[in-house]
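Let chain A serve as the given structure and place chain B on it in line with the hints.
Residue numbers (this note's numbering), protein chains in the order written: chain A, 1 to 207; chain B, 208 to 457.
Incorrect hints may appear among the rest.
As the list claims (entries may be wrong) - Facing chain A, from chain B, some residues (calculated, C-beta under 7 Å):
1. Val-221
2. Gly-225
3. Tyr-235
4. Val-303
5. Thr-316
6. Pro-387
7. Thr-396
8. Pro-402
9. Val-421
Because the hints were derived from the structure by calculation, they are not lab data. No residue lacks a Cβ here, since even glycine has one placed at the ideal position from N, Cα and C.
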Amino acid sequence: MHDEPGHGHHEHHDASSPEVRVEALEDLLVERGLADPERIDATIRRFEHDIGPMIGARLVAEAWADAGLRQRLLTDADAVVADMDIRGAEIEHIEVKANGPGVHNVVVCTLCSCYPWALLGLPPNWYKSPEYRARVVREPRAVLVEMGLELDPGTEVRIWDSSSETRFLVLPERPAGTEGWPAERLAELVTRDSMIGVAHAADPGGQ
Amino acid sequence: MLGPMQSDPHRRGVHDLGGAGGWGRIPYEPDEPPFHADWERRVFGLLGAVTSATARRPGEFRYALERLHPDDYFDNGYFGRWLAGFEVLLAEYEVVDPVDYSARLEAHTGPIPSEVRRMSPERRVAPVADRVPSMLPPDRPVPVPQRRTVRRDLAEPPRFSTGDRVVAPAPTQPGHTRLPGYVMDKPGTVAKLHPAEVLPDSTAHNRGERPQHVYCVGYDARTLWGDDAEPNATVYVDLYECYLTAAESD
Numbered sequence: 001m002h003d004e005p006g007h008g009h010h011e012h013h014d015a016s017s018p019e020v021r022v023e024a025l026e027d028l029l030v031e032r033g034l035a036d037p038e039r040i041d042a043t044i045r046r047f048e049h050d051i052g053p054m055i056g057a058r059l060v061a062e063a064w065a066d067a068g069l070r071q072r073l074l075t076d077a078d079a080v081v082a083d084m085d086i087r088g089a090e091i092e093h094i095e096v097k098a099n100g101p102g103v104h105n106v107v108v109c110t111l112c113s114c115y116p117w118a119l120l121g122l123p124p125n126w127y128k129s130p131e132y133r134a135r136v137v138r139e140p141r142a143v144l145v146e147m148g149l150e151l152d153p154g155t156e157v158r159i160w161d162s163s164s165e166t167r168f169l170v171l172p173e174r175p176a177g178t179e180g181w182p183a184e185r186l187a188e189l190v191t192r193d194s195m196i197g198v199a200h201a202a203d204p205g206g207q
Numbered sequence: 208m209l210g211p212m213q214s215d216p217h218r219r220g221v222h223d224l225g226g227a228g229g230w231g232r233i234p235y236e237p238d239e240p241p242f243h244a245d246w247e248r249r250v251f252g253l254l255g256a257v258t259s260a261t262a263r264r265p266g267e268f269r270y271a272l273e274r275l276h277p278d279d280y281f282d283n284g285y286f287g288r289w290l291a292g293f294e295v296l297l298a299e300y301e302v303v304d305p306v307d308y309s310a311r312l313e314a315h316t317g318p319i320p321s322e323v324r325r326m327s328p329e330r331r332v333a334p335v336a337d338r339v340p341s342m343l344p345p346d347r348p349v350p351v352p353q354r355r356t357v358r359r360d361l362a363e364p365p366r367f368s369t370g371d372r373v374v375a376p377a378p379t380q381p382g383h384t385r386l387p388g389y390v391m392d393k394p395g396t397v398a399k400l401h402p403a404e405v406l407p408d409s410t411a412h413n414r415g416e417r418p419q420h421v422y423c424v425g426y427d428a429r430t431l432w433g434d435d436a437e438p439n440a441t442v443y444v445d446l447y448e449c450y451l452t453a454a455e456s457d
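Bound conformation, chain A alone:
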């Protein structure tokens, strides 16, 4: 993951390239005892492998399977998250917004890129892009169509701009044809993008 720092194998990059700059900064901080390469590696590994959309997907699937849990998740997600022992960054206060007939929710952070890391992992680039941040508050339907999601004209679109430390998770609609499925199997249908609100949950026929 981080082999041979500082051995000058970046001749093809100039000094303004991020490759060279991050290597120089990391070397300086490590030399001063302010950073530890093993901790850096461990942080990267955690967010590439252990913390990701499967955590939020588990919450959604359990809520699909259990009406009581669904109600608690919509009224007091912090308590559900604590009960399930989900911990980590960027979930000081969680609100879950349910999609349903006539209502579709979509999440953005127009001022930076706030996102519920401990539930969904790190955000994808498109979520952090100026295009998404600028446009989804102004033309949500057009943006969703561009991303492959067409909403009924009668459906109300609710856009949640994450401007405080509250973080939002969308509870997508449970796909038809999944009656009686256990939560573990339902969780496989819950995509990251459906929990941001730019897609529906996956089609069970595709399983």
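The following block gives chain B in isolation, referenced to the frame of chain A:
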């Protein structure tokens, strides 16, 4: 020197993108991985080390990004702006000497042309931060908060209730704020109260916590965008109590 545009608090920062025109197609990639290059992994991995040594108060790191030159904000994407923000903070907090850093870069690449020399304030940081010393976040002797959470219990009751009509005027001073430009001066309706939080507008400048009630305020799309608005859309924004005044009845 501070031009009229730069001193105008209504001027929206580089980061304040909601509703901004001129942006094209969403660079959408379903199931996109969190990193696209190894340098992005290294930048992400350094966040804890850099912020522990520099921006430890709520809002400080975001404010460093907001002060970047637009090229540094947009080039190289999200992790590119983090890296540029690290450079700004490490220099401002005097953790890394820009001369040492330049020497290290030159060891990798040979002499650096002056126009790309990094960590030079003329290139890197927006004019407000350069020219108005009170906008810089020093005051290093003041202890940083010990509690990691930004939530606070407030004795005072909230000034507004669900259903109240409110408006957030543009700030009178430049600096860090979580008030998006696109809702300034527009009437909205309180939809819900969130837990109270410290005020990032204050903590980012090391001016104390000033905890606030936080309101989720709903704005009808037609109020925000006029006749251009798409039908049947509501934008919800979370706003700190001190941003808000009662809206005149309409």
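Cross-check of the supplied hints:
Among the interface hints, the one on B:Val-221 is violated; its C-beta lies about 10 Å from the nearest C-beta in chain A, farther than the 7 Å criterion. Taking 7 Å as the C-beta contact cut-off toward chain A, the hint placing B:Gly-225 at the interface holds, the least distance being around 3 Å. Because the smallest distance between the Cβ of B:Tyr-235 and any Cβ of chain A comes to about 5 Å, under 7 Å, the interface hint for this residue holds. Checking B:Val-303 against chain A by beta carbon gives a least distance of about 5 Å; that is within 7 Å, so the hint holds.
Among the interface hints, the one on B:Thr-316 holds; its C-beta lies about 5 Å from the nearest C-beta in chain A, closer than the 7 Å criterion. Using the Cβ-Cβ criterion of 7 Å, the hint placing B:Pro-387 at the interface with chain A is satisfied: the shortest such distance is roughly 5 Å. Of the supplied interface hints, the one on B:Thr-396 is violated, with its beta-carbon coming no nearer than about 13 Å to a beta-carbon of chain A, more than 7 Å. Restraint check, B:Pro-402 versus chain A: the minimum CB separation of about 5 Å is within 7 Å; hint holds.
Proximity of B:Val-421 to chain A holds as hinted, the smallest CB-CB distance being about 5 Å (cut-off 7 Å).
In this structure, the hints that do not hold are numbers 1 and 7, in rising order.
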